[in-house]
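Chemist: The task is simple: from the sequences and hints, build the whole structure.
2 protein chains.
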Amino acid sequence: MKVVALTGGIGGAKLALGFAKALPAQDTAFIVNTGDDFEHLGLHISPDIDTLVYTLAGQAGLVAGWGRRGETWQFMAALEELGGETWFRLGDKDLALHVMRKQLLAGGATLTAATAAIAKRLGIATTVLPMSDDPVRTVVQTPTGALAFQHYFVRDRCAPPVTGFAFAGSETARVNPRIEAALDPAPDAIVICPSNPFVSVDPILSVPGLRELLRACGAPIVAVSPIVGGRAIKGPTAKMMRELAIPTTAEAVAEHYGDILDGFIVDEQDASAADAVRSLGLATRVAQTVMQSLDDRTELARTTLDFAASLRKGVATGRG
Amino acid sequence: MKVVALTGGIGGAKLALGFAKALPAQDTAFIVNTGDDFEHLGLHISPDIDTLVYTLAGQAGLVAGWGRRGETWQFMAALEELGGETWFRLGDKDLALHVMRKQLLAGGATLTAATAAIAKRLGIATTVLPMSDDPVRTVVQTPTGALAFQHYFVRDRCAPPVTGFAFAGSETARVNPRIEAALDPAPDAIVICPSNPFVSVDPILSVPGLRELLRACGAPIVAVSPIVGGRAIKGPTAKMMRELAIPTTAEAVAEHYGDILDGFIVDEQDASAADAVRSLGLATRVAQTVMQSLDDRTELARTTLDFAASLRKGVATGRG
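Residue numbers (our numbering), protein chains in the order written: chain A, 1 to 320; chain B, 1 to 320.
Among the clues, some could well be false.
Residues from chain A that keep clear of chain B, each with C-beta distances beyond 12 angstroms, as calculated [unchecked claim]: (1) Gln103; (2) Thr144; (3) Gln150; (4) Gly164; (5) Asp202; (6) Ile246; (7) Glu255; (8) Tyr257.
Looking from chain A toward chain B, a few residues come up when the C-beta cut is under 10 angstroms (computed) [to be verified]: (9) Ala77; (10) Ala78; (11) Leu82; (12) Leu95; (13) Met100; (14) His151; (15) Phe165.
Quick caveat, the hints were computed from the structure, so don't treat them as lab data. On a predicted model such as this, the values are computed, not experimentally measured, just so you know. Even glycine gets a Cβ: it sits at the ideal position worked out from N, Cα and C.
Modeler: And the structure:
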């Protein structure tokens, strides 16, 4: 089976690792959110690409859930002495990736090429595709004004209430051309990983033409709910939903994605939500979606592939 | 007394520290070689400015003689994993300075302004002046072709024999405008520190008009010999002299500097060279120039100031 998965931060990377373990490398491709990329200290930071790459390479930080394992912070301490900006923590080892990426970009490489070069060096054989090589920047709207994503997310620790989102640059951004190749021939499944719908997945779907490409290839599109038992496993998804007056339920996420989906996976804790999701006209699968161990990740990947296969064969109900 | 000193690498920084200890901060200014600056990993590296700044801040590495005290190398290890260029070793703490400088330069600051901002943050009250804000790049000529300075110095460890030097960009470089201010009113002494004549001091003197500015202010100009007992304390000075068929003697250095000098300080080990230097028409002082302790640095600074004062009063012979 071949899978193409859309992924953002930590939750998405966990399931992506599951796919990478469950399938041969050449049968997986990941479309990654670059809406929270930013220029910082003269470097190009791609947090979601980095989270995915470090996760696939087995080098992701275990405690913080981001950055690199065994990280040290001498650079940050020295930068603080010099009066530099320290609200975004760049570890000494992590910094090497950012310096190398900036060097590749400055030399004329696309973000896709720079990502591929870095992934290769880290021993990653799966395909990691930024959603676009053009800049798309997530802007978080709040009652007191718009915030660049990392200012909202890291500097202000998601404290400001959100009223909406914008994806600056998305009007003119072009879909990463390698995404079309990854969809032809159509994969057996397109998966929206359990990432934040508003700031991880929506930026990807905001790139003109990408949504249509996904639908047109004919592969079943399934999402894994990022909401479990009324809460997000990690990050501000549930907080955002409350602030946007959206119920913090799995079915509300399914409704948010709307007609791009064929199927939706809810957690065992939300088995009662399955009927509500079905009433949206979506095929539904109830599964263990909380990924603590590596086995959890692989198991959820297999379940997701099995669910998508069932949709392809027309066994389950849904729009297909 | 006020002093303006020309300095390059480690030997120069040692004597500069002596001046900084011997005199109030506002009475010292250092003109620093930028001929070995280079762009590396997307950063602007200014090795001689950094050596001076770290030395004055008490943060210079004690063992290597360069970089920062208590340095760590996580960044380099990670960069190596990623296949990056690692021949030039940038420590985790040191890197903060380079990132901050690049950010300041990218924001439109001159190298002088960036240097001043960094020096201030490190608690340095003395004036540190790059010789020029325009790029001048030392090129080392060898039988097999020209080498960028850091390729010769660091990557190739000074192994290639030298046949000459060029200072690319020096034809059009403008003297740092703050140097003129530092020379008006004239200081009590202009000192050429015991730096490498060919790749530390000559690049400074290659900036059009700088030599004339130094002479025109009327201050006595004295150099401290970088050659002691036929050898350089550190670095490739003596090796270069041999390769250029110049005797590795103090008097050969004095002759190399030529008529910019009023006086020349030779080490106690070279007392016999004093007559040869005098025969060049230069006032001469014999002193302990090997600087091991901080006291050695301050003592040599005081001796140098005293020597210059004697020239100013016309006590010693020389061209003044």
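Chemist: Verify this label for me: glutamine 150(A) is non-interface relative to chain B, using a Cβ-Cβ cutoff of 12 angstroms.
Modeler: 16 angstroms, holds
Chemist: Interface hint check: leucine 95(A), Cβ to nearest Cβ on chain B, cutoff 10 angstroms. Holds or violated?
Modeler: This interface hint holds because 5 angstroms falls under the 10 angstroms limit.
Chemist: Minimum C-beta separation from tyrosine 257(A) to chain B exceeding 12 angstroms: can you confirm that?
Modeler: Given that every Cβ of chain B is farther than 12 angstroms from that of tyrosine 257(A), nearest at about 36 angstroms, it holds.
Chemist: So, alanine 78(A) near chain B? Judge it on the closest CB pair being under 10 angstroms.
Modeler: 4 angstroms, holds
Chemist: Measuring from the C-beta of alanine 77(A) to each C-beta in chain B, is the shortest one below 10 angstroms?
Modeler: Hint on alanine 77(A): holds, closest Cβ of chain B at ~7 angstroms, below 10 angstroms.
Chemist: Beyond 12 angstroms from chain B, beta-carbon-wise, is glycine 164(A)?
Modeler: Holds, since 32 angstroms exceeds 12 angstroms.
Chemist: Threonine 144(A): least C-beta distance to chain B exceeds 12 angstroms?
Modeler: 27 angstroms, holds
Chemist: Would the non-interface assignment of aspartate 202(A) survive a Cβ cutoff of 12 angstroms against chain B?
Modeler: 31 angstroms, holds
Chemist: Given a cut of 10 angstroms on the nearest C-beta pair, is the interface hint for methionine 100(A) held or broken against chain B?
Modeler: 5 angstroms, holds
Chemist: Far enough from chain B: is every CB of that chain over 12 angstroms from the CB of isoleucine 246(A)?
Modeler: 40 angstroms, holds
Chemist: How about phenylalanine 165(A): closest beta carbon in chain B under 10 angstroms, or not?
Modeler: Violated - the Cβ of phenylalanine 165(A) stays beyond 10 angstroms from chain B, reaching only about 29 angstroms at its closest.
Chemist: Hint check: is the beta carbon of leucine 82(A) less than 10 angstroms from a beta carbon of chain B?
Modeler: 5 angstroms, holds
The structure does not agree with the numbered hints 1, 14 and 15 stated previously, though it agrees with the rest.
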